[in-house]
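Colleague: Residue numbers (this note's numbering), protein chains in the order written: chain D, 1 to 343; chain B, 1 to 343.
One or more hints might be untrue.
Identical copies carry no separate label here, and so any pair may be met within one copy or between two of them.
Straight-line distance between alpha carbons at most 30 Å, and here's what the computed DSS-like set of lysine-lysine pairs gives [what the hints assert, rightly or not]:
{"id": "1", "residue 1": "K89", "residue 2": "K171"}
{"id": "2", "residue 1": "K298", "residue 2": "K89"}
{"id": "3", "residue 1": "K89", "residue 2": "K288"}
{"id": "4", "residue 1": "K124", "residue 2": "K7"}
{"id": "5", "residue 1": "K151", "residue 2": "K298"}
{"id": "6", "residue 1": "K171", "residue 2": "K104"}
{"id": "7", "residue 1": "K172", "residue 2": "K288"}
{"id": "8", "residue 1": "K89", "residue 2": "K306"}
{"id": "9", "residue 1": "K242", "residue 2": "K124"}
{"id": "10", "residue 1": "K89", "residue 2": "K242"}
By construction, these hints were calculated from the structure, which means they are not laboratory data. Since we're looking at a predicted model, the values are computed, not measured.
Take a look at the letters that make up each chain.
There are 2 protein chains.
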Amino acid sequence: MKAKADKNKLRFRPHFKTHQSAAVGEWFREAGTNAITVSSVSMAKYFAANGWDDITIAFPVNLAEIEEINQLATNINLNLLIADHEVVKLLAAELANTVGIYLKVDTGYHRSGILVEYNSDILKLILNVQDFPLLQFKGLLVHNGHTYKTKSRQEIKTIHQNSLEKLVHLKKYLQNNQIDCEISMGDTPTMSVIENFDGIDEIRPGNFVFYDVMQVALGACMADDIAVAMACPVVAKHMGRKEIVIYGGAIHLSKDFIQGDDGSPIYGKIVLLNENGWGNVVPETYVKSVSQEHGIIKVNADFIDKVMIGDFIGVLPVHSCLAVNLMREYYTLNGEKIETMNS
Amino acid sequence: MKAKADKNKLRFRPHFKTHQSAAVGEWFREAGTNAITVSSVSMAKYFAANGWDDITIAFPVNLAEIEEINQLATNINLNLLIADHEVVKLLAAELANTVGIYLKVDTGYHRSGILVEYNSDILKLILNVQDFPLLQFKGLLVHNGHTYKTKSRQEIKTIHQNSLEKLVHLKKYLQNNQIDCEISMGDTPTMSVIENFDGIDEIRPGNFVFYDVMQVALGACMADDIAVAMACPVVAKHMGRKEIVIYGGAIHLSKDFIQGDDGSPIYGKIVLLNENGWGNVVPETYVKSVSQEHGIIKVNADFIDKVMIGDFIGVLPVHSCLAVNLMREYYTLNGEKIETMNS
Numbered sequence: 001m002k003a004k005a006d007k008n009k010l011r012f013r014p015h016f017k018t019h020q021s022a023a024v025g026e027w028f029r030e031a032g033t034n035a036i037t038v039s040s041v042s043m044a045k046y047f048a049a050n051g052w053d054d055i056t057i058a059f060p061v062n063l064a065e066i067e068e069i070n071q072l073a074t075n076i077n078l079n080l081l082i083a084d085h086e087v088v089k090l091l092a093a094e095l096a097n098t099v100g101i102y103l104k105v106d107t108g109y110h111r112s113g114i115l116v117e118y119n120s121d122i123l124k125l126i127l128n129v130q131d132f133p134l135l136q137f138k139g140l141l142v143h144n145g146h147t148y149k150t151k152s153r154q155e156i157k158t159i160h161q162n163s164l165e166k167l168v169h170l171k172k173y174l175q176n177n178q179i180d181c182e183i184s185m186g187d188t189p190t191m192s193v194i195e196n197f198d199g200i201d202e203i204r205p206g207n208f209v210f211y212d213v214m215q216v217a218l219g220a221c222m223a224d225d226i227a228v229a230m231a232c233p234v235v236a237k238h239m240g241r242k243e244i245v246i247y248g249g250a251i252h253l254s255k256d257f258i259q260g261d262d263g264s265p266i267y268g269k270i271v272l273l274n275e276n277g278w279g280n281v282v283p284e285t286y287v288k289s290v291s292q293e294h295g296i297i298k299v300n301a302d303f304i305d306k307v308m309i310g311d312f313i314g315v316l317p318v319h320s321c322l323a324v325n326l327m328r329e330y331y332t333l334n335g336e337k338i339e340t341m342n343s
Numbered sequence: 001m002k003a004k005a006d007k008n009k010l011r012f013r014p015h016f017k018t019h020q021s022a023a024v025g026e027w028f029r030e031a032g033t034n035a036i037t038v039s040s041v042s043m044a045k046y047f048a049a050n051g052w053d054d055i056t057i058a059f060p061v062n063l064a065e066i067e068e069i070n071q072l073a074t075n076i077n078l079n080l081l082i083a084d085h086e087v088v089k090l091l092a093a094e095l096a097n098t099v100g101i102y103l104k105v106d107t108g109y110h111r112s113g114i115l116v117e118y119n120s121d122i123l124k125l126i127l128n129v130q131d132f133p134l135l136q137f138k139g140l141l142v143h144n145g146h147t148y149k150t151k152s153r154q155e156i157k158t159i160h161q162n163s164l165e166k167l168v169h170l171k172k173y174l175q176n177n178q179i180d181c182e183i184s185m186g187d188t189p190t191m192s193v194i195e196n197f198d199g200i201d202e203i204r205p206g207n208f209v210f211y212d213v214m215q216v217a218l219g220a221c222m223a224d225d226i227a228v229a230m231a232c233p234v235v236a237k238h239m240g241r242k243e244i245v246i247y248g249g250a251i252h253l254s255k256d257f258i259q260g261d262d263g264s265p266i267y268g269k270i271v272l273l274n275e276n277g278w279g280n281v282v283p284e285t286y287v288k289s290v291s292q293e294h295g296i297i298k299v300n301a302d303f304i305d306k307v308m309i310g311d312f313i314g315v316l317p318v319h320s321c322l323a324v325n326l327m328r329e330y331y332t333l334n335g336e337k338i339e340t341m342n343s
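This is chain D alone, in the form it adopts within the complex:
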């Protein structure tokens, strides 16, 4: 992903919410990364304490955390996200230091941000931001989370193309009004499938650091690209209904799921662990349900004979961000412990 950003002369600002780890952050630093994205003030504090000094909090400003924001802005280059006059007013009244401001624009996901079509509202909001010297307007920030609802790589590309066209149109409108701005785009599915980055200044993918079963289903990566697995002990076998029970449930994997071909939910795919990591995804075998601590795995006939109670098997998570957040620490294949902000 870094090579892709370099090749296209983009600022690479990877989202660190997936790994949440200073140690994994160092791998990024060694690859030349110096700007990052996070999703909370507490995550910004953690990474700032670990030597990162250029951080965007890609979440609407939470005014209850203004003290922490002021503290951060004293020490690092901090960028905040806004989409509302009221927030600008309150922020300007409470800020003690300069911050960068990105305006959150909604090009179709409809989670947060101002609709991209409301160009005069957007202009007014930027002019309002520019009234306050501590607020340094930087650009437009978009997260096309609706790529997670797609059924093909082409559909991801189409969403991106539509989104970018609208943004470029907005940017021209702003330029005609003497406002220059960057365009910052996120989401791993898009950044994984597109090759043409014309018009974009900054990318903020995060999940790609580990990928997961959902990203494979979207066509954003191959199963071989998944870089994290949960080692779970087998605690029961049910030969009759071809199911095994693992100690690995909703408090480990989360309750996120994808839909299988027959519409039934899949909470994880299964691999056999080996000395070098793990093997291929076991066919016709998946986590079919999770309760608090239990995972129930539907297994193919060959596999159930191979696995014994007490064995550890690997579960590739459906959503690696949530699994990492729940597990709080992990190990490299060499047995080195990796801590996260929640360890």
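Knowing the structure of chain D, use the given hints to seat chain B on it.
Modeller: Just chain B now, kept in the frame of chain D:
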């Protein structure tokens, strides 16, 4: 729940996986509780360290934790759950101290346990258990988790009645073979709706300590019975589509949901916080989606005018066990901090 158990002369062995807290455990102790259920060895260790000396781990034995199990069994009365000859053999070979053994029986949930109809298999397994002096056979343990798929209180009662009839039948068969045993039953929906406990020796509900939106939907409790809420700051308002955005997502509430009347998912219900706690559930207002940190709330027209960016609102969780596990600590209405095993 304690009064119900006392009235029916049942052993009350509440499941502590919902609150996960020594402080909340003390409230149970003050009410006369001295036996508890947990769902993991680590949870057993935590509560044993906090003075509980009669604990059932209601999860299939995880042989990878045999050292911790031996340690626990030295200090407390520990009950384990088995359903397999292989586990009995391995456990008997590794155990250093006496443990109580419950046999997990499956009366229809099909998560784990031996099918209740396989009476001769069950007899053989119990006789196998009785071959080992360190394994003290105690009884049959059932969790009717399929009550969570029901649409009415009557349906819950019917599941319970069918389950209990099969268990009583099995118990008689075992008595005819000179084996006496207890019947231990779990699950909050059943224990909330039934009044007749004939034939049952022990109950193990857990969720009732806080209840949640799912239990209200099942008819197990009223909305007023929900005893835990998440205070979330409002970070954005979208007047056009009548939605607000809160800082409260999948890493706070979990991704568990119930289905609304129109089939769409509901990840939490909304209340207004006040000095004494919170008010009634706000009508036509609910968490419609969650991503890692964001919650999107569909709100009714009155409510959106009342709520300002920066306000805190209350979210009643769909699944309190998972929300507590994610949040790791909570506060009483007096502002007293309550820690959990994960604080």
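Colleague: Could you tell me which of the numbered hints above are not met by this structure, giving the numbers in increasing order?
Modeller: Violated: hints 4, 7.
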